[in-house]
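Asks: Sequences listed follow chains A and B, in order.
In terms of this note's numbering, the first sequence has 2 at position 3, counting the first letter as 1, and numbering is strictly consecutive.
In terms of this note's numbering, the second sequence has 287 at position 48, counting the first letter as 1, and numbering is strictly consecutive.
A portion of the hints provided could be inaccurate.
[To be verified] Dumping the calculated DMTMM-like pairs for lysine to aspartate or glutamate here, alpha-carbon to alpha-carbon at most 25 Å:
(1) 612/B with 96/A
(2) 591/B with 69/A
(3) 413/B with 382/B
(4) 612/B with 88/A
(5) 258/B with 155/A
(6) 17/A with 593/B
(7) 66/A with 534/B
(8) 591/B with 103/A
(9) 17/A with 534/B
(10) 612/B with 116/A
(11) 8/A with 312/A
(12) 66/A with 592/B
(13) 457/B with 417/B
(14) 612/B with 133/A
(15) 430/B with 393/B
(16) 66/A with 597/B
(17) 134/A with 534/B
(18) 17/A with 592/B
(19) 457/B with 299/B
(20) 258/B with 152/A
(21) 612/B with 155/A
(22) 43/A with 321/A
(23) 134/A with 251/B
(24) 402/B with 300/B
(25) 134/A with 247/B
(26) 66/A with 88/A
(27) 591/B with 116/A
(28) 17/A with 294/B
(29) 66/A with 299/B
(30) 612/B with 131/A
(31) 134/A with 69/A
(32) 612/B with 2/A
(33) 470/B with 597/B
(34) 330/A with 250/A
(35) 144/A with 45/A
(36) 490/B with 317/B
(37) 591/B with 88/A
(38) 502/B with 294/B
(39) 42/A with 6/A
Note that these hints are calculated values from the structure, not bench results.
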Amino acid sequence: MSEVIFEVKNLQKWFPVKRSLGQLLRGQRTWVRAVDGVSFQIKKGEIFGLIGESGCGKTTTGKLIMKLMDPTGGQMLYRGQDVTHLSPEALQAYKREVQMIFQDPYASMNPRFRIREVLTEPLVIHRLGGNEQEKLALAADALTKVKLTPPSDFLDRFSHMLSGGQRQRVATARTLILSPRFIVADEPVSMVDLSTRAELLHMMKEIQQDLDLTYLYITHDLSTARYFTDRIAVMYLGRIVEMGPAGELIDHPLHPYTRALIAAVPEPVPGRVNVIKEIPIKGEIPSAAQIPAGCRFHPRCLFATDECRNLPEPELVQAEPEHLVACRRYKEL
Amino acid sequence: MKLKDLRETLRDFWGEFRKVRYGMVGLVMFGLFLLIVILEPVLIPFPETGRRWRDITYWEDNPKNAAPVWVNWFTRKDYTPQAVLDKPEISERKAANTQMVEAVFTYNYKYDLPPIDLLLRATGKGLLNLAVHLERPDGLSIELTKKSIRLSGEAPVRLSLDKEASGAVGDFLKTYEDPDVLRGVSIFTVKPVEVFFARAEPGILRNPVPLKGEYRIKLTCVAVGSGAFLKEPALTVAGRVFGLMGTDASKRDIWSGVIAGTKWALLIGLLTSAVAVIIGVFYGVTSAYFGGAVDLVMMRIYEVFQSIPLLPVMIVVSAVFKPSIWTMILMMCAFFWVGSVRTVRSMGLQIKEEIYVEAAHALGASRGRIIFKHMLPQVIPYAFASMALQVPVSIVYEASVSLLGLGDATIVTWGQILHDAMQGGAVLQGIWWWIIPPGLFIALMGMTFAFVGFAMDTILNPKLRTR
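Could you build the full structure based on these sequences and the hints that come with them?
Replies: As structure tokens, this is what we get:
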């Protein structure tokens, strides 16, 4: 349980902003700092949750891990190996072991492909699975794992003939077919009906335990994160502001942002559903192109002091064993 | 294994295709066009149409600007249709150095407007003394002409009785027409054949009444000299209406021309559009996928081709080289590929950003796989549609080039027929049968491919399907 399978050190991804002619002549460059120094370790066999608002850089982090884009800075280690920059062959080998489930089950499968083609595509790409029959058997096997049974009912369908939940199961089956060790799940249930969410997460957890997988679970949904993950990291504007075991982090949040996030979760309590809650936060998330100086959360923080505004950004510090927070004043709050 | 897959895919595809009604209509029409191409030798009365379209001697027996035969169904007075009588009763006698041939043609005349000419054709050799007699249903017998021809070798003989019988018609008119009328008429303006098919009574010149019944045209030939002979006599009644689609100003049979043009239309249309669209689709998708500098360079090259007008280039090329259908197809391919590039590129740019392409990247798919398996198939329906639309464009373009006199002179195309119609003033003279058949065939050909293309679109785009 203690072996680190994936480690990210000070990962950065900056996107250049298109410059006007004036800026071009003056040599100015501006960047959208989508991921701005993220570090975490994921242990083998755990489910690690990455939580944050839209635009906080959590999906970008997922894509960087999937090698869908190159990081601007920092380092990524997979099972001790540096995977920040890889040769084409090493990249193929890496992509065999690290898989991704995408947020939108409606768009993540080619609408022209039958389910059998969706599922066998990874095998074709990596030249695995032997002949056509063996590939199909593997596909059927993967469908059984995600509880789409009998597989023969699904193999010849197109993805648009399935429900959202079924599609996400197929997407999961596609990632499983190469027997990966590490799966990045980018909001896998956010576009699925509420009623099937728990079912899907349950299935994912079962598979994780059966196949000894490690998940990076990216979400904005605290309630599923609590249910699903072992550890959670909360991201704000491209940085991790708090990280700790799921239960403790949600029951005893230390960072004011985490508190606001938790307070924002609507509670389906009778008599209170119509009450709009007072959330301990102000304003909107700033643009990642203009990250505030000092603590990047200070313009929205109700507890910010001059210190927070003027001193350099607080680093993650250990508040309790396993529980880290990037806030100067967490003790006082 | 792969072959079996392909067969299965095709069977699936056919199963789907059968359900699209207009697709089937298109396919049936395409089948008909193919059938026309295959059955061309059976369908056309002039088997050498393809080769001798511009050879006026091949068409000289036909009437000029004759309407189709079936206009008789709609007119009060019936026009005489073209007829060829090639099985006369022949009696032959041979003496020492002479051969006497007598051929009797029987023609049943039952129309209101007489033929414009009677043409006698035969093959002969030596000194031929010819005489032609006409026996009318009313019992009158007229000697139409007497003529001697000397042929040094075996050669064709052709007699136009309209020209040869001007003497006979004078005598005939003097006997039956009112002298007062005749005095004001020059005999050279009289059409002999028209007179001979009218009732012999005063008014025959001004208000002829058709004399219907059986006419017998007797050709007598005395061939003098050793080896002199006359054989295979045939009589053509040059009608006022001709064939299924009439004739043009050069006496050509439009039906034969249109049928013979079908194969060229199919060839020009299919080959040009297929090659052009395939190049365009590949170009567009490649440009979209690679993006950046590659896209920039490829788009500039595209714009160069886009901005060069094809017509002047084709004129120059045709002037430098011999105008040929193959050069034309090549030139059209070299310039028509730009037609689909922009759309395909923009589709490609959109598909490139689709999550399933990203998912394929995440799975480690190669560039080739993403282009061929994920991007190109999405563009195929559009490619088929633009191919279908390109077919008539190519045909019309070939026609435009023909219009400038730069068409391939060794073949006949619908475009060339239309071009001739325009030059021959078919519109002003109301010769609709010269314009409508080739025009209609071009339209039908375009419709065929549009139907098939749209049907393929519905099938290949699974989102349009319902289950």
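Asks: If a hint holds in the structure, say so; if it doesn't, say that too.
Replies: Evaluated hints:
no., hint, in the structure
1, 612/B with 96/A, "holds, 23 Å"
2, 591/B with 69/A, "holds, 18 Å"
3, 413/B with 382/B, "holds, 15 Å"
4, 612/B with 88/A, "holds, 21 Å"
5, 258/B with 155/A, "holds, 20 Å"
6, 17/A with 593/B, "holds, 23 Å"
7, 66/A with 534/B, "holds, 23 Å"
8, 591/B with 103/A, "holds, 16 Å"
9, 17/A with 534/B, "holds, 19 Å"
10, 612/B with 116/A, "holds, 11 Å"
11, 8/A with 312/A, "holds, 17 Å"
12, 66/A with 592/B, "holds, 16 Å"
13, 457/B with 417/B, "violated, 29 Å"
14, 612/B with 133/A, "holds, 21 Å"
15, 430/B with 393/B, "violated, 32 Å"
16, 66/A with 597/B, "holds, 11 Å"
17, 134/A with 534/B, "violated, 37 Å"
18, 17/A with 592/B, "holds, 19 Å"
19, 457/B with 299/B, "holds, 22 Å"
20, 258/B with 152/A, "holds, 24 Å"
21, 612/B with 155/A, "holds, 18 Å"
22, 43/A with 321/A, "holds, 16 Å"
23, 134/A with 251/B, "holds, 22 Å"
24, 402/B with 300/B, "holds, 14 Å"
25, 134/A with 247/B, "holds, 18 Å"
26, 66/A with 88/A, "holds, 13 Å"
27, 591/B with 116/A, "holds, 19 Å"
28, 17/A with 294/B, "violated, 68 Å"
29, 66/A with 299/B, "violated, 78 Å"
30, 612/B with 131/A, "holds, 17 Å"
31, 134/A with 69/A, "violated, 32 Å"
32, 612/B with 2/A, "violated, 39 Å"
33, 470/B with 597/B, "violated, 83 Å"
34, 330/A with 250/A, "holds, 16 Å"
35, 144/A with 45/A, "holds, 20 Å"
36, 490/B with 317/B, "holds, 21 Å"
37, 591/B with 88/A, "holds, 23 Å"
38, 502/B with 294/B, "holds, 20 Å"
39, 42/A with 6/A, "holds, 9 Å"
Consistency note: the structure conflicts with the earlier hints numbered 13, 15, 17, 28, 29, 31, 32, 33.
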